[in-house]
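For the record, the sequence lines run as chains A and B.
Positions 6 to 256 (my numbering) are the ones given, in order, by the first sequence.
Positions 12 to 184 (my numbering) are the ones given, in order, by the second sequence.
Hints are supplied without guarantee of correctness; some may be wrong.
Stated by the list, open to error - Pair by pair, the computed Cβ-Cβ distance ranges are:
hint	chain 1	residue 1	chain 2	residue 2	range
1	A	R39	B	K158	29 to 39 Å
2	A	R169	B	M84	52 to 62 Å
3	B	K158	A	N78	36 to 46 Å
4	B	R117	A	Q147	27 to 37 Å
5	A	F103	B	K158	36 to 46 Å
6	B	M84	A	A244	30 to 40 Å
Unchecked claim - If you want a taste of the chain A side facing chain B, the calculated C-beta under 7 Å gives, among others:
hint	residue
7	A17
8	S26
9	P148
10	R150
11	V165
12	R169
13	T175
14	G177
15	S199
16	A253
Think of the hints as simulated: they come from the structure by calculation, not from any bench.
Built from N, CA and C at the ideal position, the CB exists for glycine as well.
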Amino acid sequence: MTGGQAGRLRHAEHVMGTVVSFDVPACAGQELGRAVRWLHWVDATFSPYREDSDVSRFGAGALSLPQCAPELNEVLEACAAVSALSGGYFTTTPGGRFDPSGYVKGWAIERAAAMITAAGSAGHCVNGGGDVQCAGDRGSGQPWRIGIADPLRAGSLALVVAGRDFAVATSGVAERGRHIVNPHTGQPATDLASVTVVGAGLTLTDAYATAAFAMGSGARDWVESLDGYEAFAITSRGADWQTSGFAAYLT
Amino acid sequence: MRRVILTIAGTIAGLVALLSFKSHLPTIPSASVSTTGGSSSTGGSSSTAGAGSTGGTSAPSSSPATVPGEFPMGSLAGTLTAGETAVTGQVANTVYGPVQIQLVMRNGKIVKVAVLRQPMNTINDIRIGDFAFPKLIGETLTAQTAKVDAVSGASYTSAGYIQSLQSALDNRA
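Bound conformation, chain A alone (with noise of 0.2 Å):
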């Protein structure tokens, strides 16, 4: 399905278990269609759910890393500073067996936004299934307008983020149920229904907004101590929050 209006292009691709969205240059036809060759890659390499895949036979100890993609390497170095980082908030074995899909999906669509960057596109934006990369701005020096969907009702936005080169993740329970783990406690993270983090690239920013969900309450102080990263969260109860430097991309 591509279409989309004069001068842009829109893309949605199923792939990685949801569907990545793109808006991008009509000129940038090729690069999409390599970033989309990328993310197929990825999701055969990567995928939980897929027993062929790099990360399920190391998971299963059939592989070794170092028969693995080398990139596979270079998401667990990732995996485990984020995990530090967030102390332990953030896992590579969320449901007891190894995916990193928490890390991967983030760092798969900064990186195919990269491949258009390169391409020398000056704004376009991906979305991975409700975690956005926008890069440039929309056009005629207008910012990218990101929708937080409100959690608690559905088809409805929260509030609305505006900016330029950033990138806006969000988890939740709205679309899957509650799925993200405490890995402290083993039981669902149940203080909030929805955090949002907003930064730079999406790799980070998603990778925080799944460990900031794990958090729960705690979440605001860990993401307010974090430079370059904000976040507005909506807790289970239906109040809402947001760290001091937030209200920066409010429109």
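Take the given structure of chain A and dock chain B to it, following the hints.
Same frame as chain A, now just chain B:
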């Protein structure tokens, strides 16, 4: 008025595009319009407003099936009040079957949405018709109103995408 009709036809086309996801886009040639007259016979079932209804505070819910507003089956043409206009889209044949939507406008804004025809045959159709379909209407309206480029939210699955705000954006004209 002409422009409003074109806009509405576009909205309906967008909705139908969502339903015919991964299929060819059915064309919606034009919409027929009926303005309010003297008659006030009761039309469809429920008369609760669609897009314009205020929900007040919403309680936390684990159900993903919350529909923003309620979308009655059957024409609202007989229930129009002064200043309202009913715009009826033509029947569009989607992969799920024939679909027809009616919008009620007031001062250029959509105040109600009614479903005149929707697929009801197979289990899959019922799921689309009862759940995703009314939700899509509300989401399309929300996304258009907010003028956003993308939507960030808890990850949707590939199957859930069709019900997402993002899908409404991807399908906009």
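Comparing the hints with the structure gives:
| no. | hint | verdict |
| --- | --- | --- |
| 1 | R39/A to K158/B: 29 to 39 Å | 30 Å, holds |
| 2 | R169/A to M84/B: 52 to 62 Å | 45 Å, violated |
| 3 | K158/B to N78/A: 36 to 46 Å | 43 Å, holds |
| 4 | R117/B to Q147/A: 27 to 37 Å | 30 Å, holds |
| 5 | F103/A to K158/B: 36 to 46 Å | 42 Å, holds |
| 6 | M84/B to A244/A: 30 to 40 Å | 37 Å, holds |
| 7 | A17 | 5 Å, holds |
| 8 | S26 | 5 Å, holds |
| 9 | P148 | 9 Å, violated |
| 10 | R150 | 5 Å, holds |
| 11 | V165 | 6 Å, holds |
| 12 | R169 | 12 Å, violated |
| 13 | T175 | 5 Å, holds |
| 14 | G177 | 4 Å, holds |
| 15 | S199 | 6 Å, holds |
| 16 | A253 | 17 Å, violated |
The structure fails to meet hints 2, 9, 12, 16 from the earlier list, while all remaining hints are met.
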